[in-house]
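Q: Sequence:
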Amino acid sequence: MSKTLEFKGKNVDQALANASDELNLPVDRIKHEVLAYGSSGIFGLVGVKKAIIKVFIDDAAGGSRSKTDEKKKHDSSEKNEDFVQPPHEAGEVSGNDDELVAGGILALQKIIDAITSGATVNLDRQKERLYFTISGGDSGVLIGKRGQTLEAIQYLLEKMINKKSTNRIRVVVDVEGYLEKRKDNLQQMASRMAEKAKRTKKPVTIGQMNAHDRRIVHIHLKDDKGVRTQSLGDGYFRKLMIFPKKQSGAKKKNHK
Numbered sequence: 001m002s003k004t005l006e007f008k009g010k011n012v013d014q015a016l017a018n019a020s021d022e023l024n025l026p027v028d029r030i031k032h033e034v035l036a037y038g039s040s041g042i043f044g045l046v047g048v049k050k051a052i053i054k055v056f057i058d059d060a061a062g063g064s065r066s067k068t069d070e071k072k073k074h075d076s077s078e079k080n081e082d083f084v085q086p087p088h089e090a091g092e093v094s095g096n097d098d099e100l101v102a103g104g105i106l107a108l109q110k111i112i113d114a115i116t117s118g119a120t121v122n123l124d125r126q127k128e129r130l131y132f133t134i135s136g137g138d139s140g141v142l143i144g145k146r147g148q149t150l151e152a153i154q155y156l157l158e159k160m161i162n163k164k165s166t167n168r169i170r171v172v173v174d175v176e177g178y179l180e181k182r183k184d185n186l187q188q189m190a191s192r193m194a195e196k197a198k199r200t201k202k203p204v205t206i207g208q209m210n211a212h213d214r215r216i217v218h219i220h221l222k223d224d225k226g227v228r229t230q231s232l233g234d235g236y237f238r239k240l241m242i243f244p245k246k247q248s249g250a251k252k253k254n255h256k
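When the letters of the sequence shown are read in order and numbered with full-length UniProt numbering, they come out as residues 1 to 256.
Hint data in this document are derived by calculation from the structure and do not stem from the laboratory.
Computed from a predicted model, the values in this text were never measured in an experiment.
Glycine included, each C-beta is placed from N, C-alpha and C at the ideal position.
Please note that the accuracy of each hint is not assured.
In silico BS3-like pairs for lysine-lysine, Cα to Cα no more than 25 angstroms straight-line [as the list claims (entries may be wrong)]:
hint : residue 1 : residue 2
1    : Lys183    : Lys196
2    : Lys8      : Lys239
3    : Lys196    : Lys239
4    : Lys31     : Lys10
5    : Lys183    : Lys127
6    : Lys31     : Lys49
7    : Lys198    : Lys239
8    : Lys239    : Lys202
9    : Lys54     : Lys239
10   : Lys49     : Lys159
Okay, the calculated beta carbon distance ranges per label pair [stated by the list, open to error]:
hint : residue 1 : residue 2 : range
11   : Leu232    : Leu35     : 16 to 26 angstroms
12   : Leu106    : Lys245    : 43 to 53 angstroms
13   : Ser135    : Arg192    : 27 to 37 angstroms
Work out the full structure: start from the sequences and follow the hints.
A: Next up, the structure:
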């Protein structure tokens with residue numbers, strides 16, 4: 001009798017190599033089906049999706065030893081590879097960070113010059129973060145679909161600045177007020193969807209959203225006592241569902 005296991009990797013070859021190592025079998029003896037080929041995302045940083053294969057295992061052809069414990073470690077390490085915001089709290093931007101700040105401005109200018117022409121960088125140096133604003137150039141190209149390019153630029157710049165910083169410095173990169181407009185649009189949409197969920201008494205699903213956008217919706221609706229929110233799925237882009245809460249008081253009145 002056979003069973004199946006799923007393995008992930010940056011691409012199909014890497015997923016096969018992981019399966020080979022886990023099952024102690026040569027790659028050419030692994031019967032598999034490709035479930036997802038994966039993608040490199042934007043700059044290979046944001047929106048990265050892993051390749052997934054399903055491996056068919058015959059009991060007689062299984063590896064010589066079990067690696068259950070190692071597999072758990074492997075799965076755990078894969079989750080850590082996904083792009084997530086660093087968990088550490090950001091420190092204050094001090095005067096000792098002048099060199100890092102100057103280097104950040106130059107680095108961001110080089111990045112945007114490689115993408116579009118005529119764009120300039122301005123910095124608002126705040127107490128707890130560095131707020132870079134890009135003006136001019138092709139703003140649509142810099143922002144990208146659903147803000148993916150802008151998010152990738154911000155992630156890359158934050159990594160570069162914090163590489164030599166003793167305390168984590170929070171970095172924000174905006175293009176001509178896009179972030180605030182995006183936040184306002186998401187909050188308005190969240191309010192509409194929440195009202196729909198309460199009116200129809202049915203869950204409402206918002207399509208694939210990145211972590212930043214999901215966080216805006218969660219925070220915006222957290223004080224709404226009529227609904228609750230939940231992210232569903234795996235990977236960087238996930239669905240967000242808005243569930244209507246059951247009104248226990250109304251039920252009691254109906255039973256009287």
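Q: It remains to establish, for every hint, whether it holds in the given structure.
A: Hint check:
Distance hint between Lys183 and Lys196 is fulfilled; the C-alpha atoms sit about 20 angstroms from each other, no more than 25 angstroms. For a cut-off of 25 angstroms, the pair hint linking Lys8 to Lys239 stands: about 21 angstroms separates their Cα positions. A hinted pair counts as satisfied when its Cα atoms are at most 25 angstroms apart, and Lys196 with Lys239 qualifies at roughly 17 angstroms. A hinted pair counts as satisfied when its Cα atoms are at most 25 angstroms apart, and Lys31 with Lys10 qualifies at roughly 19 angstroms.
The suggested pairing of Lys183 with Lys127 holds, with an alpha-carbon distance near 22 angstroms, which does not exceed 25 angstroms. For the hint pairing Lys31 with Lys49, the CA-to-CA distance comes to about 23 angstroms; that is within 25 angstroms, so the pair holds. In summary, the hint linking Lys198 to Lys239 is supported, as the alpha carbons are separated by about 19 angstroms, within the 25 angstroms threshold. At roughly 16 angstroms between alpha-carbon atoms, Lys239 and Lys202 fall within 25 angstroms of each other, so this suggested pair holds.
Simply put, Lys54 and Lys239 have alpha-carbon atoms about 24 angstroms apart, close enough for the 25 angstroms limit, and the pair holds. A hinted pair counts as satisfied when its Cα atoms are at most 25 angstroms apart, and Lys49 with Lys159 qualifies at roughly 20 angstroms. Under the hint 16 to 26 angstroms, the C-beta atoms of Leu232 and Leu35, about 18 angstroms apart, fit the expected range. At roughly 51 angstroms, the beta carbons of Leu106 and Lys245 sit within the given window of 43 to 53 angstroms.
Ser135 and Arg192 have their C-beta atoms about 32 angstroms apart, which keeps the hinted 27 to 37 angstroms range intact.
Every hint from the earlier list agrees with this structure, and none is contradicted.
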